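Residue numbers (our numbering), protein chains in the order written: chain A, 191 to 570; chain B, -13 to 355.
Fair warning: there could be bad hints in the mix.
In silico DSS-like cross-links for lysine-lysine, where the CA-CA straight-line distance does not exceed 27 Å [to be verified]:
| id | chain 1 | residue 1 | chain 2 | residue 2 |
| --- | --- | --- | --- | --- |
| 1 | B | Lys263 | A | Lys276 |
| 2 | A | Lys402 | B | Lys87 |
| 3 | A | Lys402 | A | Lys422 |
| 4 | A | Lys245 | B | Lys211 |
| 5 | A | Lys461 | A | Lys484 |
| 6 | A | Lys245 | B | Lys119 |
| 7 | B | Lys125 | A | Lys245 |
| 8 | A | Lys276 | B | Lys177 |
| 9 | B | Lys87 | A | Lys422 |
| 10 | B | Lys177 | B | Lys87 |
No lab work stands behind these hints: they were computed from the structure.
Remember, predicted model here, so these are calculated numbers, not experimental data.
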Amino acid sequence: MHYMEMEQHEERALSAGIRVLTFVFRIALAIAIPIIAFLVLYAGFLFLRAGNAPKWLITVVAIVWGVGGVAALYWIFNWIIEMLPKQWTGRLQPFVFIGPAMAILTWYLAVPTVRTLAISLFDRDGLAGGNFVGLSNYLAVFTDRLMREAFRNNIFMWILIATPLTVVFGLLVAILADRSRFERVAKSLIFMPMAISFVGASVIWNFIYEVKPAGSAQIGLLNAIAVGLGSKPIAWAAHTAISPWNNLFLVIIVVWLQAGFAMVLFSAALKGIPEEILEAARVDGATEVQAFFKIMIPYIMGTIITVTTTIIIFTLKIFDVVWVMTGGQFGTGVIATQFYRQSFIARNAGYGSAIAIVLLIAVIPVMIYNLRQFRQQEAF
Amino acid sequence: MTIKTSRMQRLRGPLFVNGILALLVLVWMIPTIGLFVSSFRERFELQTSGWWTIFPHREWVNVATIDPREQGLDATGLMEVEGVTATFEELREGVESPSGKRIQWVGNRRIGRIEVQERQWAVNWSFTLGNYKQVLQGKDFEYRHADGTVEVIPGDDFSSALFNSIAVAIPSTVIPILIAAFAAYGFAWMKFPGRRLLFILVVALLVIPLQIALVPILSDYAKLKLNGTFLAIWLAHTGFGLPLATYLLFNYISGLPRETLESAFIDGASHFTVFLKLILPLSVPALASFAIFQFLWVWNDYLVALIFLGGNPNFEVVTMRLAGIVGDRGQDWHLLTSAAFVTMLLPLAVFFSLQRYFVRGLLAGSVKG
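With the hints as extra help, turn the sequences into a complete structure.
Here is the structure:
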């Protein structure tokens, strides 16, 4: 009896000892693993920043380090949290899940917005020793000749011309394709420019607009046609004599790139129109044109608004095409190119930030409208 | 299928519809076709004739060469050749003879020659892979002209930019998706104070154009010595892609059947296990849609790369390299066409093989800028 009791007691002491040991071991691990992980990640960072290994090796290490590193961090944090008492695990785990996202969003979007707003009230050195100038940057934004030109182009050329052209063209192709046996092929080919970068598209169109001196062979398609029709070769997008209409040669590029996007959305919307409604209208003697304007258009109005607002937002922010094609010269500047020029070339932080804030204010109402429309449709 | 046939029967003019559609598709394809064809043409041909001359066309072809000095012609006065009397200037432009031939002076006044040309059918079919070699290898390349002179043209080291683009694009696609998926799960299936408020903040950040963030982030990076590193651009793309990714994945993940998750929790699974073993596999369609979108966006991005990698020529991505060629060597069409096509190759492959997912993503509202 006595003997057994003692044995039990010993066993209890032993298991308590093991528990203490595992506890210490776990704490040590919980400290050691993050430190090791940090050191490995930091070594990887230094290796990548130096960048003097063979290119393929850098690429492989970069991918493994970047993707693996993020996954490892999640795993480690979660592992530590799950070792805590159950109550604390439940309380802290949500922050492991949403914490990183919130931290990055705060650093990259929320705080910069406030900072840009603050910088816009200072002169060219911004918050780093600049002088407070109140709203005078904004006054300059709305009076500067180049900014007026940028507003004109953004509003007139891009919102009022490029956007409707893209929408109408996308709708036209969607309707035609819907009635064709070659729907899939046609849609994929029109859609293809969506996969091409704006820089790539600029090269493609630069080649079409290429101008050679009069008398020598024109290798640009458009000038070959123009010369064939008896005109002089023209520098299209850089042709200031026709300003502001030279902007149209940039507009064409964006219509070419974006029409596929409009088409895909319209095509899906058209497929959603119940056949019975159209059939009933035709039985009642409606013509195709009437059916189009009285039934199809109202039915897909939500999509038309979504597509239009999306393209307006896109054209408000348009940068790459203009920058690579003309650098914003020849009367083709837009808000984003002026922003880039002021912020990163002229190094005028205050003025550049004011332009960015104006861009934000212009985008917000369209974006809110767009989001609201999107929610109503519940497309996802 | 039945709907489709009834639609087909109704067509008054399928020929008309298909005709217009074919025309539009052709017009849409011509720019890309022109680039593609040109990238395989010899440098010299590219600069002297349009790419459409690969199709049969009528062209002046030299049939006989006359040495003006042997014929005793005086280039300073009127010359008589093949029944044509003309000055040097006129001959240089080319003069048509009564027999329908063209007489043209080629070269300068002292050592030039006179060509007798006839209009003939021709195709310019000399293709080469040399342009691609030059763009990818970055060495000097020698050209031997017809008259024997040798011209040295530097190539362009595009292959290094290709590697950089891969190193930028893959993590910039996977990292935001991973972070967004965790956050979306957190918002959809976990309870914690401030959940609604934080989610509204995420959606509100959708309106911020990335231009707003560039100046402050650049100054942060300067302090942290992060400028011109891969980490810098991954994080930037992650930050700019996160609101949309979180929003879309939340819509998808919160719509998954509640019972599946609850039975897993009853079995004692933790949130982490449920997320890894259950939610991620179930969300593959949504993840794939966004992944393709983000990959194309990052691969094709120019502005973000220009600002955060701009100071480091070692890490230039393809769009920067290509824009660099446009700026420095805008007339070297043999390099530009092939380089542009190299940049397009991967996105086009992704696009055509995964088009279905891409379209699904677009319909879900994967639209950013």
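Status of each hint after checking the structure:
no.	hint	result
1	B:Lys263 with A:Lys276	holds, 21 Å
2	A:Lys402 with B:Lys87	holds, 26 Å
3	A:Lys402 with A:Lys422	holds, 10 Å
4	A:Lys245 with B:Lys211	holds, 22 Å
5	A:Lys461 with A:Lys484	holds, 17 Å
6	A:Lys245 with B:Lys119	holds, 18 Å
7	B:Lys125 with A:Lys245	holds, 17 Å
8	A:Lys276 with B:Lys177	holds, 15 Å
9	B:Lys87 with A:Lys422	holds, 26 Å
10	B:Lys177 with B:Lys87	violated, 88 Å
This entry does not satisfy hint 10, going by the numbered hints stated previously; all others are met.
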